[in-house]
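> If you want the building blocks of each chain, they are given just below.
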Amino acid sequence: MEAHARWVAIVAGVVGAVVSAAFLLRDVVLAFDAGTVWNLPSWAGWITERPGALRATVAAVIAALVAIACLWGVVRLLRRPAPPVRKLNLGTEKEALLVDAATLDRFLGKALRRHIPEVDGAKVWLQRDEDEAYRARVTVDLGAACDVLSLHSRVLDLIRDELKRATGLDVARLDLAVERLNLRLKGGS
Amino acid sequence: MSAKTRVWLPWAFLGALLVIALVVSLLVLAAGLRHRDPLLRFERDEGTVLVRAGALEDAIRAEVLCDADVLRVSPRVRQQRRRVTVEVEVVARPMAEHERLLALTQKGARAAIIEGVGLPEVAPRVHVDVVPARKVWMYL
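First to last, the sequence lines map onto chains A and B.
According to our numbering, the first sequence is numbered sequentially starting from 1.
According to our numbering, the second sequence is numbered sequentially starting from 190.
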């Protein structure tokens, strides 16, 4: 999906840049020297010719819709994960107890490295879903072979356990990203 | 409003629109060209597992490059409709045994994917190119 979106963005970007640069150049040249003859291509003439402005209006609306669709696609292509939680309020209704979430993130990352031997390095971010539930985003570097699909439940169990003991909070979901593999396998040569 | 201003207004308006169109097009192009290592995505009941394709490709490369006959390895791991596909291109020294390298690369790629990270069964597509002596310099 992402590969297709990337190709659509490249084609739309090249076509849009070439066409708009050519028209811009023509606009500038004609503005400064009225004697210059620079005819529009035939398809542009079909759009702008009389009678009425119907074709031009339809073309403008279609171009605007295509531009909006491209921008929407690009925003989706470039979107980043939800921002991490900065402060956690562990207090009651009467009194607030604010905890810096980055400290907790580091604590959880350290716990992962200590309790799961396959994990070489780990970074943890707590995020908040739209339904106010907590979600953990974890990136790991693996130093030994392991089943990443079962690693997901091991990491989730550990984070749940550590977070519950430290703060009483629960994590509903976990996004586990494997960034690097430093493997020594026996399957190859 | 003077006659001169009236003449300039449509040019300026059209020019502004074209500049906006050019900038938007270049932004769209830049977003498309931005290099990002693809991710393999596996949905779980309580979240997602993402594996960077480049990490798997590095693991395959490290496995296959251990063989002395291998000059260059170009693995490509992608996900198409939830299935992981692996393609490996190997460039080998002159006189290297084609069949042995084929088997070794398949074994190494499967080891990295299945044994290394426990992903579902894959059948790597391997292409081994044993280069003639006069072309070896290109890979050294």
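Any given hint could turn out to be false.
Unchecked claim - Output of the computed footprint for chain B on chain A, the stretches with three or more beta carbons under 8 Å from beta carbons of chain B:
| hint | region |
| --- | --- |
| 1 | 20 to 31 |
| 2 | 37 to 43 |
| 3 | 53 to 62 |
| 4 | 93 to 104 |
| 5 | 117 to 131 |
Claimed, not checked - Pair by pair, the computed Cβ-Cβ distance ranges are:
| hint | chain 1 | residue 1 | chain 2 | residue 2 | range |
| --- | --- | --- | --- | --- | --- |
| 6 | B | Met327 | A | Gly35 | 52 to 58 Å |
| 7 | B | Tyr328 | A | Leu78 | 35 to 41 Å |
| 8 | B | Val208 | A | Gly91 | 50 to 56 Å |
| 9 | B | Val311 | A | Arg114 | 29 to 35 Å |
| 10 | B | Met327 | A | Arg55 | 39 to 45 Å |
| 11 | B | Arg272 | A | Ser150 | 49 to 55 Å |
| 12 | B | Ala312 | A | Thr103 | 44 to 50 Å |
| 13 | A | Ile62 | B | Leu215 | 43 to 49 Å |
| 14 | A | Asn182 | B | Arg233 | 58 to 64 Å |
Source of the hints: derived by calculation from the structure; they are not laboratory data.
Where a beta carbon is used, it is the ideal one built from N, C-alpha and C, also for glycine.
> Per the coverage rule (Cβ-Cβ under 8 Å, at least three residues), is the region 20 to 31 of chain A covered by chain B?
Check passed, 8 qualifying residues.
> Measuring from beta carbon to beta carbon, are Val311/B and Arg114/A in 29 to 35 Å?
holds (33 Å)
> Closer than 8 Å, Cβ to Cβ, for at least three residues: run that test on the region 53 to 62 of chain A against chain B and report holds or violated.
With 0 residues close enough to chain B, the hint is violated.
> For the range 39 to 45 Å, tell me whether the beta carbons of Met327/B and Arg55/A fit it or not.
Violated, since Met327/B and Arg55/A (Cβ atoms, about 56 Å apart) do not stay within the stated range.
> Verify the coverage statement for the region 117 to 131 of chain A against chain B, using a C-beta to C-beta distance below 8 Å and requiring 3 or more qualifying residues.
violated (count 0)
> Taking the CB of Arg272/B and the CB of Ser150/A, does the distance hold inside 49 to 55 Å?
violated (20 Å)
> Note whether the CB distance of Ala312/B and Thr103/A lies within 44 to 50 Å or breaks it.
Between Ala312/B and Thr103/A, where Cβ atoms are some 47 Å apart, the hint holds.
> Just to make sure I understand the rule, a stretch counts as covered if three or more of its residues have a C-beta closer than 8 Å to a C-beta of the chain. Does the region 93 to 104 of chain A meet that for chain B?
violated (count 0)
> Okay, Asn182/A versus Arg233/B on CB: inside 58 to 64 Å?
Cβ of Asn182/A to Cβ of Arg233/B: about 24 Å, so the range 58 to 64 Å is violated.
> May I ask you to test the hint 43 to 49 Å on the CB atoms belonging to Ile62/A and Leu215/B?
violated (21 Å)
> Starting from the range 50 to 56 Å, see whether the pair Val208/B and Gly91/A falls in it by beta-carbon distance.
Between Val208/B and Gly91/A, where Cβ atoms are some 53 Å apart, the hint holds.
> Using the C-beta atoms of Tyr328/B and Leu78/A, is the stated range 35 to 41 Å upheld?
holds (37 Å)
Hint compliance for this structure: hints 2, 3, 4, 5, 10, 11, 13 and 14 are not met, and every other hint is.
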